[in-house]
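Peer 1: Each number in our numbering corresponds to the 1-based position in the sequence shown with 9 added.
Restraint ranges, calculated between C-beta atoms of paired labels, are given here:
no. : residue 1 : residue 2 : range
1   : D70       : A117      : 31 to 39 Å
2   : G57       : A117      : 38 to 46 Å
3   : T30       : R118      : 27 to 35 Å
Quick list of in silico lysine-lysine cross-link-like pairs, DSS-like style, CA-CA up to 30 Å:
no. : residue 1 : residue 2
4   : K83       : K31
5   : K65       : K79
6   : K65       : K13
7   : K31       : K13
8   : K27       : K13
9   : K31       : K65
10  : K13       : K83
11  : K27       : K83
12  : K79       : K31
13  : K79       : K27
14  : K13       : K79
15  : K65       : K27
16  : K65       : K83
17  : K121      : K131
Just so you know, these hints were derived from the structure itself, not from any lab. Quick reminder that beta carbons are idealized off the backbone N, C-alpha and C, glycines included.
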Amino acid sequence: MSDKLRLDLYLFRARHFKSRTKATEACRMGRILLNDQPAHASTEVSAGMLLRIREKGLYRDIRILEVPGKSLSKEAARLTWQDETPQEVEIQRQDQAMRRRGAERDGARPTKKERRAVDRWKNRR
10 MSDKLRLDLY LFRARHFKSR TKATEACRMG RILLNDQPAH ASTEVSAGML LRIREKGLYR
70 DIRILEVPGK SLSKEAARLT WQDETPQEVE IQRQDQAMRR RGAERDGARP TKKERRAVDR
130 WKNRR
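Take the sequences, apply the hints, and build the full model.
Peer 2: Have a look at this one:
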């Protein structure tokens, strides 16, 4: 493990973002704070620093435990950082997810079962 790494590369290797490009874009849009300051993708990070990543309007607090020297598996990457997000924010995030799941069914396409019921209804005319 190395001691310093570019922020965008760290975010990608630690599996916070699916690609380095998405991590760079998040930095550019101001969604990443490093020690409570807006961070550029080229900023170097090291162990002990605190990242705040904004997702869907809420911040996740991530403490960097070690900087990975190469891309890691999801399980191994999870060991390189610690989630310090307050409990209230986690509850808000779960509430948002529940509301989103409920809203998805309201305007969603019909399920296979619902489609068959509609087909039966139409054929009875």
